[in-house]
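J.: Chains A and B, in that order, are what the protein sequence lines are.
The first sequence stops at residue 778 when you use the working numbering, and every number in between is there.
The second sequence stops at residue 778 when you use the working numbering, and every number in between is there.
Treat the hints as calculated values from the structure; they're not laboratory data.
Please read these numbers as outputs of a predicted model, since none were measured by experiment.
Just to be clear, a hint being listed does not mean it is correct.
For chains that are exact copies, the list does not tell them apart, and a pair is met inside one copy or across any two.
[Claimed, not checked] DMTMM-like cross-link-like pairs, simulated, lysine to aspartate or glutamate; straight-line CA separation at most 25 Å:
#1 K626 to E685
#2 K742 to D630
#3 K673 to D752
#4 K767 to D754
#5 K626 to D752
Protein chains: 2
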Amino acid sequence: MPKLDLDAIPQTNATGYPACYADVVQERWYRRLAPASGIEDFGASHVVLKPGAWSAQRHWHEGEDELLVMISGEAVLVDDNGDTLMLPGDIAAFPKNDGNGHVLQNRSDAPCSYVVIGKPAATDCHYPDIDMHLSAEIGEQRRKDGSRFDDAGAA
Amino acid sequence: MPKLDLDAIPQTNATGYPACYADVVQERWYRRLAPASGIEDFGASHVVLKPGAWSAQRHWHEGEDELLVMISGEAVLVDDNGDTLMLPGDIAAFPKNDGNGHVLQNRSDAPCSYVVIGKPAATDCHYPDIDMHLSAEIGEQRRKDGSRFDDAGAA
Numbered sequence: 624m625p626k627l628d629l630d631a632i633p634q635t636n637a638t639g640y641p642a643c644y645a646d647v648v649q650e651r652w653y654r655r656l657a658p659a660s661g662i663e664d665f666g667a668s669h670v671v672l673k674p675g676a677w678s679a680q681r682h683w684h685e686g687e688d689e690l691l692v693m694i695s696g697e698a699v700l701v702d703d704n705g706d707t708l709m710l711p712g713d714i715a716a717f718p719k720n721d722g723n724g725h726v727l728q729n730r731s732d733a734p735c736s737y738v739v740i741g742k743p744a745a746t747d748c749h750y751p752d753i754d755m756h757l758s759a760e761i762g763e764q765r766r767k768d769g770s771r772f773d774d775a776g777a778a
Numbered sequence: 624m625p626k627l628d629l630d631a632i633p634q635t636n637a638t639g640y641p642a643c644y645a646d647v648v649q650e651r652w653y654r655r656l657a658p659a660s661g662i663e664d665f666g667a668s669h670v671v672l673k674p675g676a677w678s679a680q681r682h683w684h685e686g687e688d689e690l691l692v693m694i695s696g697e698a699v700l701v702d703d704n705g706d707t708l709m710l711p712g713d714i715a716a717f718p719k720n721d722g723n724g725h726v727l728q729n730r731s732d733a734p735c736s737y738v739v740i741g742k743p744a745a746t747d748c749h750y751p752d753i754d755m756h757l758s759a760e761i762g763e764q765r766r767k768d769g770s771r772f773d774d775a776g777a778a
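Required output: the full structure, derived from the provided sequences and hints.
T.: In structure tokens, the structure reads:
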């Protein structure tokens, strides 16, 4: 059946962020759509941000494009341009290696949801606002000096 | 600016279908999002189907996955399973080479819109309901016996 039964797809709030940076994504609940639907050419996630939650720490990928389609509720897209309101039907594109970190923040008092499409991250990811870096070679988030967080991968 | 200004992206109802099969897509108005936004890893289109319009002739691709996110209005997804109503927030996935042709039909009296994601078609496309086939090698729609439509590419 091509139409996805979202309720049948496992939802998780898992994150690889260390605890010191994970608080903002604790109420980010997502479903991986590609494995559930049999598609392979790109990844896709259905994401619910509860009030206060962020899509991620503000970041940009060296080697992967992302496209985001707002479905319900509202969120604030924060990037180097400032704040931009995202409402249902709004679309945002984050081209690879543009050096402009982005994050969606739910500052409203209701959940919002969106679908985000992109290839699995296989290159470095940069976090301009915090002391964290994802090295593709190392495969986990570390401090910018390369040192490990004490709870790496535990949050 | 990551948020796309849809009004600034050219909208077209162009089709490569021959006239005999093009009537259903005359009121399919789409915008190509990837070139407008600088993304390259996959293609994406924002599509408006006016009342009566179809997303395409019912089809399936040998080599490209597709993912569709409904934004507004309603459409009927037709595939080998029958009819399935698609409402805002509904998501459908069309895995490559599954042999299950799909089409969205707007049978309502108002426009509907969606975003569809996929790689540019580089493999054969099959149309189970009509005498048409897209051969990747030939690069245009022809009859299933390989003969050209008199107005190929003109519709």
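J.: Are the hints correct? Go through all of them and say.
T.: Structure-based check of each hint:
When the C-alpha separation of K626 and E685 is checked against a cutoff of 25 Å, the pair qualifies only between copies, where the shortest distance is 19 Å, while the shortest distance within a copy is 32 Å. When the C-alpha separation of K742 and D630 is checked against a cutoff of 25 Å, the pair qualifies only within one copy, where the shortest distance is 24 Å, while the shortest distance between copies is 27 Å. In this assembly of identical chains, the alpha carbons of K673 and D752 lie at most 25 Å apart only when taken from the same copy (22 Å versus 44 Å across copies). Proximity of K767 and D754 under a CA criterion of 25 Å is satisfied intra-copy only: 6 Å inside one chain copy versus 59 Å between copies.
Taking the shortest alpha-carbon separations for K626 and D752, only the inter-copy value of 21 Å comes in at or below 25 Å, while the best intra-copy value is 38 Å.
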